[in-house]
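Trainee: Work out the full structure, taking the sequences as your base and the hints as a guide.
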Amino acid sequence: MLSKNRRRACLITSALTVMSLAGCADGGAGKDGALRVSGSTTVAPVAADAAEALKADGLDITVATQGGSAGGISQLAKGQINIALSSKPLAEEDKATNPGFIPTQIGADAVGVIVTKEVADAGVKDLTADQVRDLFEGKITNWSEVGGPDLDVFVYDKEPGRGTREVLDKYIYGDEKAPPPPESGNYAVVGGNLETRNKLESTPGAVAPLSTSFVEGRDGLAAVTLDGIEPSPENIASGKYPMARPLYLITDGKPEGSAKKFIDYILSSKGQKLMTKHDYLTLEQIGR
Numbered sequence: 347m348l349s350k351n352r353r354r355a356c357l358i359t360s361a362l363t364v365m366s367l368a369g370c371a372d373g374g375a376g377k378d379g380a381l382r383v384s385g386s387t388t389v390a391p392v393a394a395d396a397a398e399a400l401k402a403d404g405l406d407i408t409v410a411t412q413g414g415s416a417g418g419i420s421q422l423a424k425g426q427i428n429i430a431l432s433s434k435p436l437a438e439e440d441k442a443t444n445p446g447f448i449p450t451q452i453g454a455d456a457v458g459v460i461v462t463k464e465v466a467d468a469g470v471k472d473l474t475a476d477q478v479r480d481l482f483e484g485k486i487t488n489w490s491e492v493g494g495p496d497l498d499v500f501v502y503d504k505e506p507g508r509g510t511r512e513v514l515d516k517y518i519y520g521d522e523k524a525p526p527p528p529e530s531g532n533y534a535v536v537g538g539n540l541e542t543r544n545k546l547e548s549t550p551g552a553v554a555p556l557s558t559s560f561v562e563g564r565d566g567l568a569a570v571t572l573d574g575i576e577p578s579p580e581n582i583a584s585g586k587y588p589m590a591r592p593l594y595l596i597t598d599g600k601p602e603g604s605a606k607k608f609i610d611y612i613l614s615s616k617g618q619k620l621m622t623k624h625d626y627l628t629l630e631q632i633g634r
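Heads up: the sequence shown begins at 347 in the working numbering, then just goes up one per residue.
Derived by calculation from the structure, the hints in this document are not laboratory data. Note that the structure is predicted; figures quoted are calculated from it, not measured. Hints are supplied without guarantee of correctness; some may be wrong.
[Stated by the list, open to error] No farther apart than 30 Å at their CA atoms in a straight line, the calculated lysine-lysine pairs in the DSSO-like style are these:
| id | residue 1 | residue 2 |
| --- | --- | --- |
| 1 | K441 | K606 |
| 2 | K471 | K545 |
| 3 | K586 | K623 |
| 4 | K485 | K471 |
| 5 | K424 | K600 |
| 6 | K463 | K586 |
[What the hints assert, rightly or not] Pair by pair, the computed Cβ-Cβ distance ranges are:
| id | residue 1 | residue 2 | range |
| --- | --- | --- | --- |
| 7 | K623 | S584 | 21 to 27 Å |
| 8 | R564 | K619 | 19 to 25 Å |
| 9 | D610 | D573 | 34 to 40 Å |
| 10 | G633 | K441 | 23 to 29 Å |
| 11 | L540 | R634 | 23 to 29 Å |
C-beta: ideal position from N, C-alpha, C; glycine also.
Mentor: Listed below in structure tokens is the structure:
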């Protein structure tokens, strides 16, 4: 049995080892030969499946989701990764700061306003842009105010910089700046799609913006229609659905070597089947 001092020494050594490994992972793209890919939790499932498929070709690819789309773009700018995953177009500021960035669209997705089945079954099937805005600003606090049950609203909003959040803001605010979040005990900020879905499923009366692909097959959740328009493939492809969005792989400069192989695979017929697998629209479906 280890003495107290030896146990402490082992813990310190283990901690230093973890820090060392983390330092290697963040110490620059490809230093250990791996292709580093990070960003959007929406694009990540497709990237992870592509990485697994390309192992057979000898490609070593790591996929992470640190900070969502904005995090991936930031890491790419710092040279920490080779490819950024993004569920939003590059902002003008990003283009100006990083003129060499090249986005490659791989498909499309829809952001839904997701509610619990209890709320949907009680009458909340459709919301207007004004109602969505008032929900996320904390002005509508009970679902009965929009034809639903007598149940408090609990809002899970996305972190600033997340592609999902920017799509929602564009829908309800247009080009105007979104106001500060409400000071409410029934409001919380969440990160990735899986965390958001878990919070929705475990909180009565919850509402959140979330990729509609993440609620496929989840019986306890529902995507409302927005201004009477459903997030159907046809409406997403045509742009009629107001919260449709493109999905990208972004490189700093023209992709070469393993980065090009990775992107080319996702653009191939095999790679595009991964889009369908995860309930996203392929380039063919959106006419690209």
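Trainee: Now, for every hint given, state plainly whether the structure supports it.
Mentor: Evaluation of the provided hints:
Proposed proximity of K441 and K606 is supported: the alpha carbons are some 21 Å apart, at most 30 Å. Between K471 and K545 the alpha-carbon distance is near 20 Å, which keeps this suggested pair within the 30 Å criterion. Between K586 and K623 the CA atoms are separated by roughly 23 Å; this keeps the pair inside 30 Å, and the hint holds. With a CA separation close to 19 Å, the supplied pair K485 and K471 stays within the 30 Å bound.
About 17 Å separates the Cα atoms of K424 and K600, which keeps this hinted pair within 30 Å; it holds. Pair hint K463 plus K586 holds up; C-alpha atoms about 25 Å apart against a cutoff of 30 Å. Hint check: K623 to S584, Cβ distance near 23 Å, so the stated range 21 to 27 Å holds. In this structure the supplied range 19 to 25 Å holds for R564 paired with K619, their Cβ-Cβ distance being about 22 Å.
A hinted range of 34 to 40 Å for the beta carbons of D610 and D573 is consistent with their spacing of about 39 Å. Remark: the range hint 23 to 29 Å for G633 to K441 is upheld by a beta-carbon distance near 24 Å. Range check, L540 to R634: Cβ separation about 28 Å, and the 23 to 29 Å hint holds.
No hint from the list above goes unmet by this structure.
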